[in-house]
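Colleague: Using the sequences provided together with the hints, build the complete structure.
Take the sequence shown: its position 7, counting from 1, is numbered 6 in the working numbering, and each next residue is one higher.
Read the hints as simulated data drawn from the structure, not as lab findings.
All figures in this text were calculated on a predicted structure; none of them were measured in a lab.
All C-beta atoms, glycine included, are put in the ideal place defined by N, C-alpha and C.
Among these hints, one or two may not hold up.
Claimed, not checked - FRET-style restraints, in silico, Cβ to Cβ: (1) Leu92 - Pro57: 46 to 54 Å; (2) Pro34 - Lys58: 25 to 33 Å; (3) Val24 - Ser82: 18 to 26 Å; (4) Val24 - Ile83: 21 to 29 Å.
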Amino acid sequence: MNQQNDIQNINNILPSSTLAIVSLVAGILGFTALPVIGSIVAIFTGYEARKETHSVPPKASGDGMATAGIVMGWIQIGLAIISICCFIAYMILMVGLISRNSG
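Modeller: Right under this line is the structure:
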């Protein structure tokens, strides 16, 4: 009897979504090696993986990995926007100081 329950539990286990794994890895790579490309890949593949994991019946597991990839991707995009704004503010400040000292 226990052997039959074990076989049913094994059949109910879903494989991890490949897209969820790619999303997680791309999110991690986005913080280390590929900031722009990694964040875009993490967001895109994360949302596609969530479609797989939320379908009825679910085709794969890995919703947590997909969510982590999406969150890391959006954090990276937010940091990139803040960095660009800080760079622009710095350049405006430098141009103002240079023009003030030369005039």
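Colleague: Run every hint past the structure and note whether it holds.
Modeller: Each hint, compared with the structure:
no. : hint                      : in the structure
1   : Leu92 - Pro57: 46 to 54 Å : holds (53 Å)
2   : Pro34 - Lys58: 25 to 33 Å : holds (31 Å)
3   : Val24 - Ser82: 18 to 26 Å : holds (23 Å)
4   : Val24 - Ile83: 21 to 29 Å : holds (26 Å)
Checked against the numbered hints listed earlier, the structure breaks none of them; every hint is satisfied.
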